[in-house]
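Residue numbers (our numbering), protein chains in the order written: chain R, 1 to 315; chain F, 316 to 612; chain X, 613 to 1214.
Source of the hints: derived by calculation from the structure; they are not laboratory data. Incorrect hints may have been included.
Label pairs and their calculated CB-CB ranges [said to hold, decoys possible]:
#1 F:S492 <-> X:A746: 24 to 30 Å
#2 F:S492 <-> X:G879: 47 to 53 Å
#3 F:L413 <-> R:E54: 42 to 48 Å
#4 R:T241 <-> F:V367: 30 to 36 Å
#5 R:T241 <-> X:S768: 38 to 44 Å
#6 F:G447 <-> R:R310: 24 to 30 Å
#7 R:L299 <-> F:L443: 50 to 56 Å
#8 R:L39 <-> F:R395: 50 to 56 Å
#9 X:G630 <-> F:F384: 51 to 57 Å
Rough simulated footprint, nothing fancy, chain R against chain X, three-plus residues with beta-carbon under 8 Å [claimed, not checked]:
#10 685 to 697
#11 727 to 739
#12 1094 to 1100
All figures in this text were calculated on a predicted structure; none of them were measured in a lab. Just so it is clear, CB atoms sit at the ideal spot from N, CA and C, and this is done for glycine as well.
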Amino acid sequence: MARRLLSSLGQFLATLLVATALIFVMLRVMPGDPAVVALGINATPEALAQWRAEYGTDQSLALQYLQWMGGLVRGDFGTSYVTSQDLSPLIVDRVQVTLILVGLSMLLALLVAVPLGMLAAIRHQHPSGVVLSGISQVGVAVPNFLVGVLLVAVFAVHLGWFPSGGWVAPADDPVEFARRLVLPVIALGSVQAAIITRYVRSAVLEIMREDFLRTARAKGLTKGAALVRHGLRNAGVPVVTIVGVQLAAMLIGSVVIERVFVIPGLGSLLVDSVGNRDLLAVQAIVAVLVLLVILINFLVDLAYTVLDPRLRKAA
Amino acid sequence: MTTHLDAPDATGVPVPPPTTTARRKRARPGIQLIIGASLIGLVAIVALVSLVWTPYDPETTVAADRLQFPSAAHWFGTDRFGRDVLSAVMAGSQITLLVGFIAVGIAVVVGVPLGILAGMRQGRLGDLIMRGNDILLAFPGLLLAIVFGAVFGAGTVTAMVALGIGSIPAFARVARSGTLQVMKTDYVFAARAANRSEFRIALRHVLPNISGMIVVQCSVNFGIAVLAEAGLSFLGLGTMPPTPSWGRMLQESQQFLGSYDYLAIAPGLAIAVAVLGFNLLGDGLRDRFDPKMRSNR
Amino acid sequence: MTSADFAVDVRGLTVTAGSTTLVDDVTFRIAPGERVGLIGESGSGKSVTSTAIMGLLPDTLSTSGSVSVAGGGDNLLGKSDARLARLRGSAMSMVFQEPMTALNPLMRVGRQVAEIMTIHRTASPAEADRRAVALLDDVGLPNPAETAKAYPHQLSGGQRQRVMLAMALANDPALLVCDEPTTALDVTVQKQVLDLVLRAVTERGTGLLFITHDLAVVASVCERVLVMNAGVVVEEGPIETVFTRPQHPYTRGLLAASDLTATDAGGRLFTIATAAGYDPARLRRDADAETAAVDSPSSTVRTPAEAPAAVVEPSAAPVSEAADAVSTAPPIVSVRGLTKTYVRSRSGLFGRAARVEALRGLDFDIREGERFGIVGESGSGKSTLLRILSGLDQPTSGDVEVVGTSLRGAKERDLGELRRTLQIVFQDPMGSLDPRMSVGDIVAEPLLNPANLRSGVAASPAERRRLVAEMLDHVGLPAASVERFPHEFSGGQRQRISIARALVCRPRVLVADEPVSALDVSVRAQVLNLLADLVDEYGLTLVFVSHDLGVVRHLCDTVAVMRAGEIVETGPTEQLYDAPAHEYTRQLVLATPTLQHTLENA
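Could you build all of it, start to finish, from the sequences and the hints given here?
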């Protein structure tokens, strides 16, 4: 168990190292000298040289990478070339917003999807199961921003029940914070719920065909009881997999919902920074997103070990 | 439900004709397959028709016709520049299908051979490929598209390539796990014992036997690519104006919410129909190809 | 449990799937403590019958008739799942065929045994845990307290089947249903598990319904037998009567095909079609004769220590003229000091590599024209040996020479000669044929590489078609088969396709890996006859790997017995079976149920 953990951790760090190097190299290809971007095309060569020396862009790429990595390890993302803003507090702030949005949406999705997916599987031959399955199938096909746009049209514009967007920090005004989150969380969560419902359904259907479930019935459990007692944990592995994949996709996928509801999340910051040609900010945000994705994959890997004793063997 | 019945087999009696459940299912395509194929057929026909004819030119602005509600002249109404929404939706299907084809094409052409190679050459090479794959997995397609947009400039081509590269890991994984299964079979041993080269085995045994899984993955990823392109265009990082794109139409409709809702309905419906079609097709094909998943309807 | 005069009473049980009748009007009754066997081949409806009794049939099948279990009230058919669930595991319980998948992989086995008691409230949770350990002890699991904490994947197949049995017996059911409980197990383990079943039901007075395809197994466990064919019980009665004086032609056919010691006038095994010439009473006579014959050697040869030195040299003691002729022929396969150590791939960055010694120093020769049998249980290394012989794997040390080609360190391209001379028939008749290729393409595949052909010149498409057609004809398949796909054929027919593919390039050595172990007995006899004919016709040297001593005995003239990567004994077949020198060989011979052995106890 310890060995497997250690090996996942090693793989986690190795992936992180290569991924950051990749981000760094990829963004050096970005057209435009950052000094020119920062000072404008009319800047004097002296001013440009001074700027480069100040921000360290005149040094070798390897050195720049090491300095950047050194900063990352200390939690220092550097200073934006464009706005001269310290990036660290900005990014930390934005990450929190995105994590709250994504976390709540996933929670909503799981609360809806797990029971519905099971129901759809158990009743897969009954009309109710077929209808459930059909709804989830359609739900998967609807883009979350369409749901967002429609929710705004109905509940904000027509009915005026909720604000159409914006963000208030929970510490400032918890009620307003919650009110503004309702629509975006529903928009993001409902489509996820449809996706996860389908995976729960097929995982449970698969489990229902297992020999050990027949054994459980032969022991005196009814179909439903056998599924609950013996099936759920076994269905857990594929469901955890898809939750991990979806969480990773949502971190960046939420950017569209952030746009619809004018929420200052990490994705919005990324899109803005791309628009501003803010190299260092783009680099830092991509690094944070990739770190989060790798972290999720790592946690999913750990979850397998907890769920399945067969994977605990240190072979 | 599988039953635990004994498989029909020769028992000294003549072989029963092949009428097992599996075969009957094979002969009758599932409802999902039919609906999925019809929806995609619809999108494809609309795309083809729009190449030669749309009711109005989708890119021409007519100031006099701004923001008209759906009518006999403009079935889906007109947008803020007076462009016909129906025409734009029709023309938008071209971009949608193009992005899907190119993105999935890139992912298949790169991912499948890598996956087969990793499956056939376990050991250093295989490990290396899969490690590389894991790293790529850390870059979701949408993120790649945004970064590529920053580096190379946003646009349809950038979006297609980025989404394609982002889908490579999925195909490499599927191809590898399928290859590992096939390589364990006795018919591959038999082929090796019959002196067939690795390349021939990959071509004659591995590829045909994993093709079903690949086709299913194609269908699923096509839907993902369509959604992602719409999202990118919604953000203004995908297809650039004036080329019509469903995602951008949705984004443009946002400011007229409450008064001109029809502007959101038409492109939204179009996206949903296309994605639903590919997802249904994928599920239907999976039912056909993967006997374990059969009768999941 | 109750005072009913039956454990189970089945009347007119009929199961249909749509318009197909799977089980047709089956009636039988099992008295408390009675042991009844239900035998039949695949598709006979025997498993459907047992599943119907347990109330576990899928909803898509419809049933009629009546099933009553002691303590379970009247007819159970059509009762609700909740109602049936109360009886399952308490009044009746079941042991399934597949020990590998029948237990929940994520739950400790002790909990799984305890659960059956807590479900039926026959014990408090704490007491159930305690009794579970006692039950695991009862079924002979070592260290029961520790085993209770193990997960299924940490146990062997035999051990898992013991856990299943412990579970099934926990609530003292009136009826125990065993569906092929030992089919997936090795013979020595099978014997232990069968003895355990027998002891458990006898001690508890449990009625036993034992489902199997294996006549010898049923004879060793049951008192009475039902023979099922195509959903109908064609014959029933006491074992002794049914097996020695069968009334129904199907029973006679099954007996004839199962009896690998009996051959017809042409020296071929009986099949269902030729069973008319078979005299079942010979089983009784043989059994009587064997009681006399087997007893003496097995009591005198019980000195394994002195034997091995004399034993390892193959073909050293020719017993017949045929073997004599073979032993003077030059070796076509020569194995010296062969070892194979697998390094199981390390997992992750810091994983440690595990070493598995699959073969530990083998020496033997196979001579041209010999029929060489290799017998061993799972894990004995026989499959590894076979892969190395076929050039699909490399020896770790030692050498193998096949027709003059040394396989040590040989590159893939040096193996052309080997591949031309040696071909393989595999165990799984479905898995060894590519489902996406037509039979014609499958059989023609070896012809595509010119190196495989004696002429060394690529065969033209027309030439290939001719060779394939000729080969299919030889293995008894219709010419039209070329256009069809593997799934359209039965198991036996698929094995014929596999044989055709192996022989199409006219190899000199044919390696057969358990080629009949997945087949029904009646088909088995046909395939064995075909193999024997082809070996004669093509002058092949046969290397036949099997876990089934009876099959090897029938087909081979020399046998090597493998265990844990070593050959413990080699010798001419008859000698090795009648007077096994090594203790393990004797265990194997004794553990293998044969009709003769079991009838002598009847």
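Hints, verified against the model:
1. F:S492 <-> X:A746: 24 to 30 Å: violated (43 Å)
2. F:S492 <-> X:G879: 47 to 53 Å: For S492 of chain F and G879 of chain X the Cβ distance comes to about 49 Å; the hint holds.
3. F:L413 <-> R:E54: 42 to 48 Å: holds (45 Å)
4. R:T241 <-> F:V367: 30 to 36 Å: At roughly 45 Å between Cβ atoms, V367 of chain F and T241 of chain R fall outside 30 to 36 Å, so the hint is violated.
5. R:T241 <-> X:S768: 38 to 44 Å: violated (30 Å)
6. F:G447 <-> R:R310: 24 to 30 Å: holds (27 Å)
7. R:L299 <-> F:L443: 50 to 56 Å: Violated - the Cβ-Cβ distance for L299 of chain R and L443 of chain F, about 25 Å, lies outside 50 to 56 Å.
8. R:L39 <-> F:R395: 50 to 56 Å: Violated, since L39 of chain R and R395 of chain F (Cβ atoms, about 38 Å apart) do not stay within the stated range.
9. X:G630 <-> F:F384: 51 to 57 Å: holds (55 Å)
10. 685 to 697: holds (count 3)
11. 727 to 739: holds (count 4)
12. 1094 to 1100: Violated - the stretch 1094 to 1100 of chain X has 0 residues with a Cβ nearer than 8 Å to chain R, which falls short of three.
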